[in-house]
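There are 2 protein chains.
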Amino acid sequence: MRDQYHQQLDEVLTELERMTGIVSTAVRRSTSALLTADLGTAEEVIAADSQLDLAGEVVEEKIFDLMALQAPVAVELRMLVAALRMVADLERMGDLAAHVAKITRMRYPAAAIPVELHGLIEDMGRVAQRMVDQAGEVIKTRDVSVAQRIESTDDEMDTLRSSQFRQMMDAAWPYGVEVAVDLALLGRYYERIADHAVSMAQRIIFLVTGEMPASQ
Amino acid sequence: MRDQYHQQLDEVLTELERMTGIVSTAVRRSTSALLTADLGTAEEVIAADSQLDLAGEVVEEKIFDLMALQAPVAVELRMLVAALRMVADLERMGDLAAHVAKITRMRYPAAAIPVELHGLIEDMGRVAQRMVDQAGEVIKTRDVSVAQRIESTDDEMDTLRSSQFRQMMDAAWPYGVEVAVDLALLGRYYERIADHAVSMAQRIIFLVTGEMPASQ
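Chains E and F supply the protein sequences, listed in that same order.
Last residue of the first sequence: number 216 in this note's numbering, and the count goes up by one each step with no gaps.
Last residue of the second sequence: number 216 in this note's numbering, and the count goes up by one each step with no gaps.
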């Protein structure tokens with residue numbers, strides 16, 4: 001009975017790792033579509049989000065089965081709730097990548113972001129994707145030190161957001177209001193993806209060790 | 001045993017209703033502070049958010065106790081997970097109200113929002129607060145029809161967001177980039193508060209009826 005429980009829990013973790021890979025792809029492709037005004041790719045990212053939600057529902061069902069069938073003890077219930085919250089994190093990260101793609105669609109055939117600002121968006125997309133990949137790596141390796149690394153990568157995101165605000169608030173900002181509004185929202189979406197990656201890392205530590213990290 | 005379970009579940013619902021009241025106050029006060037550039041009130045809203053998080057942790061513990069001690073059957077476990085998700089919704093709504101207050105703090109002693117745009121922010125704050133209040137009412141009355149009303153109130157929020165974007169994208173927008181960036185983020189915060197109110201309403205329907213509404 002206990003062996004079966006742990007085997008099913010491993011299956012859940014494998015599914016979560018797979019979802020993390022899907023989110024990583026969505027972040028990469030939505031950023032690429034944004035910078036190349038590629039409507040087709042943007043539409044694909046938006047459509048793929050429903051697939052991610054479906055995958056999430058399947059994992060949730062597995063977790064509910066584990067909760068109901070295997071009579072888990074108290075700490076195991078908390079671990080299963082942590083797994084449910086990771087599903088919610090991943091679904092939300094997928095929504096946010098789709099939001100990035102929707103800005104591409106809204107501005108098409110124009111490009112939302114002027115070439116001079118591509119570096120900033122590339123950096124934000126790259127940092128967000130790295131954090132998602134690190135979360136996947138923690139699930140795969142159960143290595144708590146990688147989870148801690150996610151938090152220092154998150155500091156890079158904060159630095160990028162500050163730099164973004166400084167540019168937009170400069171009196172000499174040459175790109176007008178529309179670009180500033182798009183950039184503010186895009187920055188928010190990438191920041192939220194990063195926040196969810198940090199939350200995931202903390203939940204995985206709990207799932208693996210049964211103890212919450214001190215920072216939460 | 002069953003009576004005790006239902007009594008403790010009622011206590012959880014009462015706590016959730018109380019948290020909803022705290023969030024409603026935070027939304028009202030953060031909007032008021034924004035429109036009057038009232039740093040003191042903004043700081044109070046930011047400080048009160050930690051209190052809300054503490055209240056949330058206490059409710060979570062009660063829910064985990066119910067999960068572990070009362071050996072709930074499958075549908076009850078799902079209801080308890082729905083209650084946990086409502087705690088997370090409420091904590092997040094509190095964060096978002098604090099984000100509104102932080103914009104007040106960032107721009108102080110200047111006002112973030114020009115007088116001509118006060119009506120729009122008032123409307124967004126009022127609709128968001130009404131949705132939070134309606135969520136509290138559903139918890140209190142277990143009246144499914146009120147839950148459905150939240151979704152039509154959410155349509156008002158969508159209309160306000162569209163009107164906001166139209167104004168900002170107008171070539172004659174006179175308030176510059178800084179106001180546009182603040183307004184875009186504020187609109188996003190109010191919209192997310194509204195989204196969480198809709199999610200809460202759906203979860204309460206499930207908690208009360210044991211069935212998910214068709215829209216989810």
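Any given hint might turn out to be false.
Stated by the list, open to error - Which chain F residues stay away from chain E? Per the calculated CB distances, all over 10 Å, these:
no.	residue
1	Q7
2	E11
3	Q51
4	L54
5	V73
6	R85
7	Y108
8	L120
9	R130
10	R149
11	S162
12	V177
13	E178
Said to hold, decoys possible - Derived Cβ-Cβ restraints for the label pairs, each shown as a range:
no.	chain 1	residue 1	chain 2	residue 2	range
14	E	E122	F	A74	25 to 33 Å
15	E	A171	F	G21	25 to 33 Å
16	F	R18	E	V115	47 to 55 Å
17	F	T159	E	A110	41 to 49 Å
18	E	E211	F	R166	28 to 36 Å
19	E	V115	F	M106	26 to 34 Å
20	E	A88	F	A172	20 to 28 Å
21	F	M106	E	G21	48 to 56 Å
22	F	Q51	E	V115	27 to 35 Å
23	E	E116	F	T14	38 to 46 Å
24	F	R18	E	A172	26 to 34 Å
25	F	F165	E	A172	39 to 47 Å
26	E	E57	F	S145	39 to 47 Å
27	E	R142	F	G21	39 to 47 Å
Hints are computed from structural coordinates only; laboratory data are not their basis.
All C-beta atoms, glycine included, are put in the ideal place defined by N, C-alpha and C.
Hint check:
| no. | hint | in the structure |
| --- | --- | --- |
| 1 | Q7 | holds (20 Å) |
| 2 | E11 | holds (19 Å) |
| 3 | Q51 | holds (17 Å) |
| 4 | L54 | holds (14 Å) |
| 5 | V73 | violated (8 Å) |
| 6 | R85 | violated (8 Å) |
| 7 | Y108 | holds (15 Å) |
| 8 | L120 | holds (14 Å) |
| 9 | R130 | holds (24 Å) |
| 10 | R149 | holds (25 Å) |
| 11 | S162 | holds (12 Å) |
| 12 | V177 | violated (5 Å) |
| 13 | E178 | violated (6 Å) |
| 14 | E:E122 <-> F:A74: 25 to 33 Å | violated (47 Å) |
| 15 | E:A171 <-> F:G21: 25 to 33 Å | violated (43 Å) |
| 16 | F:R18 <-> E:V115: 47 to 55 Å | holds (52 Å) |
| 17 | F:T159 <-> E:A110: 41 to 49 Å | violated (25 Å) |
| 18 | E:E211 <-> F:R166: 28 to 36 Å | violated (51 Å) |
| 19 | E:V115 <-> F:M106: 26 to 34 Å | holds (30 Å) |
| 20 | E:A88 <-> F:A172: 20 to 28 Å | violated (42 Å) |
| 21 | F:M106 <-> E:G21: 48 to 56 Å | violated (37 Å) |
| 22 | F:Q51 <-> E:V115: 27 to 35 Å | violated (47 Å) |
| 23 | E:E116 <-> F:T14: 38 to 46 Å | violated (55 Å) |
| 24 | F:R18 <-> E:A172: 26 to 34 Å | violated (50 Å) |
| 25 | F:F165 <-> E:A172: 39 to 47 Å | violated (25 Å) |
| 26 | E:E57 <-> F:S145: 39 to 47 Å | violated (27 Å) |
| 27 | E:R142 <-> F:G21: 39 to 47 Å | holds (41 Å) |
Going through the hint list in order, the structure does not satisfy hints 5, 6, 12, 13, 14, 15, 17, 18, 20, 21, 22, 23, 24, 25, 26.
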